[in-house]
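Top line first, the protein sequences correspond to chains A and B. Here my numbering is used: position 231 in the first sequence is 231, and no number is missing along the way. One rule links them: number in my numbering = place in the second sequence (from 1) + 365.
You may find that some hints are simply not true.
Here are the simulated DMTMM-like cross-link-like pairs (lysine to aspartate or glutamate), alpha carbons at most 25 Å apart as the crow flies [said to hold, decoys possible]:
| no. | chain 1 | residue 1 | chain 2 | residue 2 |
| --- | --- | --- | --- | --- |
| 1 | B | Lys384 | A | Glu252 |
| 2 | A | Lys83 | A | Glu129 |
| 3 | B | Lys413 | A | Asp9 |
| 4 | A | Lys284 | A | Glu236 |
| 5 | B | Lys413 | A | Glu236 |
| 6 | A | Lys200 | B | Asp367 |
| 7 | A | Lys256 | B | Asp404 |
| 8 | A | Lys250 | B | Glu403 |
| 9 | B | Lys402 | A | Glu252 |
| 10 | A | Lys26 | B | Glu403 |
| 11 | A | Lys200 | B | Asp375 |
| 12 | B | Lys384 | A | Glu236 |
| 13 | B | Lys402 | A | Glu124 |
Hints listed in this document are in silico derivations from the structure and should not be mistaken for laboratory results.
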Amino acid sequence: MAEKLRFRDPELAKEIVQKIREVTPKDETVKFCHVCGTHEWTITHYGLRSLLPRNVEVIAGPGCPVCIVPAAEIDEAVQLAQKGVVITCFGDVLRVPGSHMSLLEAKAEGADVRVVYGVSDAVEMAVREQDKEFAFFAVGFETTAPSTAVEALGNPPGNFSFLVSHRLIPPAMELLLGVGDLNISGFIAPGHVSAIIGMKPYELFPRVYRMPTVVAGFEPIDVLMGIYMLLKQHAEGTARLENEYARVVKWEGNPKALEMMERAFAVTGGNWRGIGRLPDSALKLREELVAYDAREKFGVHVKQGKDILLGCECHLVIIGKIKPNECPMFMKACTPAKPIGACMVSSEGTCRVWAKTAAAQAVSQ
Amino acid sequence: MDFGEGVLRDVNVTLVDAKVGDYVLVHAGYAIQTVDKEDALETLALWKEILAAEKEQGS
Chain A
1 MAEKLRFRDP ELAKEIVQKI REVTPKDETV KFCHVCGTHE WTITHYGLRS LLPRNVEVIA
61 GPGCPVCIVP AAEIDEAVQL AQKGVVITCF GDVLRVPGSH MSLLEAKAEG ADVRVVYGVS
121 DAVEMAVREQ DKEFAFFAVG FETTAPSTAV EALGNPPGNF SFLVSHRLIP PAMELLLGVG
181 DLNISGFIAP GHVSAIIGMK PYELFPRVYR MPTVVAGFEP IDVLMGIYML LKQHAEGTAR
241 LENEYARVVK WEGNPKALEM MERAFAVTGG NWRGIGRLPD SALKLREELV AYDAREKFGV
301 HVKQGKDILL GCECHLVIIG KIKPNECPMF MKACTPAKPI GACMVSSEGT CRVWAKTAAA
361 QAVSQ
Chain B
366 MDFGEGVLRD VNVTLVDAKV GDYVLVHAGY AIQTVDKEDA LETLALWKEI LAAEKEQGS
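Given these sequences and hints, build the entire structure.
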């Protein structure tokens, strides 16, 4: 784009910060929650919290798709790998702890576990190596689920199947509203999930819960603007659904992607690591695609796993109840090099994002 | 697909209506939305509008 776009313009940032100060209430703490690992990255990387008035807090909700995969589903992937099925997955998933071991540990013991950039790479591998069974570990929110749908509906080869672990964001947001002392005053809704699902699924937050909700993009100006729009609603005493990220998010979302998701998946209840079971929050392949369901194909069903190790506070970090540095293990027993909890494993995990920034600050000082 | 700075990779465009020369938002190898320059410029206009509206109210 020839025009110089101002998505990281420091002067514009200053102007917005000034506006934020003007509409921030003097006598109360206002807390907003985002539900996206990339928002946390932008906020932490650009130090946006340091620009906000002291009584404006931004907390991270369950926005890391890898962190919330329950141990039982990691166990299923490990079991498939141990049965000789080639497990293909995103790199972030490798080190996520299962009840007994991670996929990386299974790989170290001889299982064939391969990192792919996307599900299409996994399908290509299966086409090339017809003598092996392949399963794609389909982790991710609504941003990733459509790509799984494309391949599931595209007549995958007979030696290919899916271990579906997709989860849906709006039910997790609804859960946060029920967490007693979280006291959220507004949602920063995730930009790329919304590129798929559109604005409509968020309507209930202002309408039913009187919760200001702004869909925001991922540049620093986007996030500051989103916070300003929420503060303005707060000051006016209103609750609306607004779209800061209109260059990507349309009201109707991506109809093509939604249609394919609808054809490939049924909505079902699902477990979230650190949270528990949420109704209507997970996807499973529809009956007509059951031949491609790895759980059915290989008879692998793990009902319960060990989600949180003793001393790990991931379950509190995931719902925004505590900050990473309030966990006694953060950067002591649990580091990016030797993660204990899922939040330290994924590059989208809140602890991992904080750890990287802490390390960068330590170097620059 | 050109990711900029010489990074080239095949991207699956089943989920969008995109033609050669369009900008797309890519997630895990799949284009999930088209982004055009007009939309981007509209965002800038929207920001200005929101900030300006506040100014008028304040004065």
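Status of the hints after comparison with the structure:
no. : hint                : result
1   : B/Lys384 - A/Glu252 : holds, 21 Å
2   : A/Lys83 - A/Glu129  : holds, 17 Å
3   : B/Lys413 - A/Asp9   : holds, 13 Å
4   : A/Lys284 - A/Glu236 : violated, 42 Å
5   : B/Lys413 - A/Glu236 : holds, 20 Å
6   : A/Lys200 - B/Asp367 : violated, 32 Å
7   : A/Lys256 - B/Asp404 : holds, 20 Å
8   : A/Lys250 - B/Glu403 : holds, 14 Å
9   : B/Lys402 - A/Glu252 : holds, 20 Å
10  : A/Lys26 - B/Glu403  : violated, 39 Å
11  : A/Lys200 - B/Asp375 : violated, 32 Å
12  : B/Lys384 - A/Glu236 : violated, 44 Å
13  : B/Lys402 - A/Glu124 : violated, 34 Å
In terms of the numbered hints stated before, the structure departs from hints 4, 6, 10, 11, 12, 13, listed from lowest to highest.
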